[in-house]
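Novice: Residues per chain are reported as follows:
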Amino acid sequence: MKLKAGIIGLGKMGISHAGIVGPHPSVDMVAVCDTSHLVLDVFRKFSKANVYTDYKKMISNEKPDFVVIAAPTRLHHSMVKYALERDIHIFCEKPFCLSVKEGEELVKLAAQKGLVNQVSYHNQFVGTFRELKRLLKAGVLGELVHFTGEAYGSVITNEKGGTWRSDPREGGGCLLDYASHVINLIQEIIGRPVSTKGSLLKKVYSKNVDDAVYSLLNLEDGLSGNLSVNWCDGTYRKMSTSLTIQGKKGKIICDATEIKIYLNEADLKEKLDKGWTIRYLTDLAIPVNFNLRGEEYSAQIEHFVDCIINKKQTDINSFDQALYTDKVIELISEDSKK
Amino acid sequence: MDKVLFGDNQFFAVSHLSDEKSREQGIRFKDDSSIIRVLDQARETGINTFMCTTHDRIANLCDHFRNNPAKYKGFKIYPCMPYAHKYANAVTEFGYLGTIKKYVPGNLFGTFAKGGIAYVSKDFIKLMEILIDAEMKMFKGIDTPVIFIQNVIVDLILGLKMYDVFKEYDLYIRKKYDAEPGYITMNMPAMYDALHSVGIENPIICSSINKIGFRMSGGKELYEKYLNEKAFRPIAMQVLAAGALRPKEAIEYLGRFHRIESVLFGASSKNHIQETKELIDNQFATSKP
Numbered sequence: 001m002k003l004k005a006g007i008i009g010l011g012k013m014g015i016s017h018a019g020i021v022g023p024h025p026s027v028d029m030v031a032v033c034d035t036s037h038l039v040l041d042v043f044r045k046f047s048k049a050n051v052y053t054d055y056k057k058m059i060s061n062e063k064p065d066f067v068v069i070a071a072p073t074r075l076h077h078s079m080v081k082y083a084l085e086r087d088i089h090i091f092c093e094k095p096f097c098l099s100v101k102e103g104e105e106l107v108k109l110a111a112q113k114g115l116v117n118q119v120s121y122h123n124q125f126v127g128t129f130r131e132l133k134r135l136l137k138a139g140v141l142g143e144l145v146h147f148t149g150e151a152y153g154s155v156i157t158n159e160k161g162g163t164w165r166s167d168p169r170e171g172g173g174c175l176l177d178y179a180s181h182v183i184n185l186i187q188e189i190i191g192r193p194v195s196t197k198g199s200l201l202k203k204v205y206s207k208n209v210d211d212a213v214y215s216l217l218n219l220e221d222g223l224s225g226n227l228s229v230n231w232c233d234g235t236y237r238k239m240s241t242s243l244t245i246q247g248k249k250g251k252i253i254c255d256a257t258e259i260k261i262y263l264n265e266a267d268l269k270e271k272l273d274k275g276w277t278i279r280y281l282t283d284l285a286i287p288v289n290f291n292l293r294g295e296e297y298s299a300q301i302e303h304f305v306d307c308i309i310n311k312k313q314t315d316i317n318s319f320d321q322a323l324y325t326d327k328v329i330e331l332i333s334e335d336s337k338k
Numbered sequence: 001m002d003k004v005l006f007g008d009n010q011f012f013a014v015s016h017l018s019d020e021k022s023r024e025q026g027i028r029f030k031d032d033s034s035i036i037r038v039l040d041q042a043r044e045t046g047i048n049t050f051m052c053t054t055h056d057r058i059a060n061l062c063d064h065f066r067n068n069p070a071k072y073k074g075f076k077i078y079p080c081m082p083y084a085h086k087y088a089n090a091v092t093e094f095g096y097l098g099t100i101k102k103y104v105p106g107n108l109f110g111t112f113a114k115g116g117i118a119y120v121s122k123d124f125i126k127l128m129e130i131l132i133d134a135e136m137k138m139f140k141g142i143d144t145p146v147i148f149i150q151n152v153i154v155d156l157i158l159g160l161k162m163y164d165v166f167k168e169y170d171l172y173i174r175k176k177y178d179a180e181p182g183y184i185t186m187n188m189p190a191m192y193d194a195l196h197s198v199g200i201e202n203p204i205i206c207s208s209i210n211k212i213g214f215r216m217s218g219g220k221e222l223y224e225k226y227l228n229e230k231a232f233r234p235i236a237m238q239v240l241a242a243g244a245l246r247p248k249e250a251i252e253y254l255g256r257f258h259r260i261e262s263v264l265f266g267a268s269s270k271n272h273i274q275e276t277k278e279l280i281d282n283q284f285a286t287s288k289p
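Listed in order, the protein sequences are those of chains A and B. If you're matching positions, the first sequence starts at 1 in this note's numbering and goes up one per residue. If you're matching positions, the second sequence starts at 1 in this note's numbering and goes up one per residue.
Don't read these hints as lab results, they were simulated from the structure. All clues given are correct.
Below 16 Å or equal to it, Euclidean Cα-Cα: the simulated EDC-like pairs (lysine to aspartate or glutamate) are:
no., chain 1, residue 1, chain 2, residue 2
1, A, LYS251, A, ASP267
2, B, LYS248, B, GLU278
3, B, LYS161, A, ASP41
4, A, LYS249, A, ASP267
5, A, LYS238, A, ASP177
6, A, LYS160, B, GLU93
7, A, LYS248, A, GLU265
8, B, LYS220, A, ASP283
9, A, LYS238, B, GLU20
10, A, LYS260, B, GLU20
11, B, LYS161, A, ASP28
Since we're looking at a predicted model, the values are computed, not measured.
Turn these sequences into a full structure, and let the hints steer you where they fit.
Specialist: Quick look at the structure:
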């Protein structure tokens, strides 16, 4: 029997998740929910899914096995809690919650209930970043010296406009929306940041939220590095995320399309030459059954569904991991006010 | 359709292989004249179709083509719409309604005679037609015999199973533009099935087709089965798998499928264009069934 799924929130990410959940061979997307009548009318006219404006009603009527929650971040806590209490597996958009306290409550509840819980930090499913994680674990760079985590893009390009993303109470701003991706990558690939220094939240065009984030992160093992993120950079056609890691044996520069490895001496076990070796996404991408916007978006949903079917917990992007990202966000935010 | 179609990714900083390469391209093709120079070199090798996104800068190129009718006699453009980043960024910045207001030309209340916005949701097809017309405006007076929807939109509609939207698109492109509708997708087998289910037969489907199965969702074997067994007009793209394959072996692989009507590729050096064009011509000249 197929799993029944409901989508809560049909913004850009919710629609995109719906487009991936829909064709999954083990899933029946039975319902969608949003407050915009314009979007719901499209589903009414062209889709077989039932439409709702109230997620509670959707859950009680449809009794889904899992829901995708892609409403503004402010609403995540109440929605996730409501669904967990009704024994529903949850795939939630990032960032997880607006406060660590809220997130902790949900992590605990999900564990008690034994439900599959995953957050949409899709970079963890990008082949190049996975390869980076593997190479670091294998110790190809030796002792690490420094790292830089960066993301740039042209989301906000002028002083006009205003959606929930420009409202700090709704979870808007570059730190929550954009920098969270880089923090999550650093925490899962290099190590968990435990303190921050010199954090700067800068405004470029926005009036109420930050447009750029700069910080010095100290990790639990003593390593430190820089975070540099800006979503008002017109030189980038789309979001470009990268990690650069310097070790005693060499250096790796990794983004979503390629991983560039420089080694002082060849690594025979990993078949890496002395000097530069470049590996491309074409060899590292995770094969998927349906591709919308990139393999990683499908791969994360496929992984989530797989965990439900096989009754196992996710080890990639669990609520617990996403909560840690929220904690670092809070550290940076507090540090910037000093 | 011509056997060889010239693409535009290299002009607009789209590299599936490297963000760094994207940036270099962005710098090299800053001026329209540098794009025109490469296009002219492509034409010298006998390429006569330019398949391009409805990017703002294409409008400038269209002016150039219109201003030099003798030089560009017989030159065809296959528009691919929409330039999705434009809309995606607008949705992030202005929301759905704000985006519609921004991109529906003229006064929305005038366009939707009865009741403006409230009327939009009653007539999405009309909205789609208005947006298509807005994107097509830049091509006025230019031969556009095939008009494509980009993969992000195709695959979204496909994933949401809103197949009737394809039917409406198909009807409108034929009626208004007297052109063939085309579909770019990362999910060719599923797309073929979807179009077939709403009665669209023998469609033009442009998808990744390469030896290493890159961006061939559902798997290479399924793609090969459809290429061999189903009735549609395939265009192969990403044939070099974003540069992972050498042109010779890449094109030889395509030669296994006699039904491939066209091959789409982009390059920015004259030698590279010439080499790939010749490989394609030779491969398909010798591998006729």
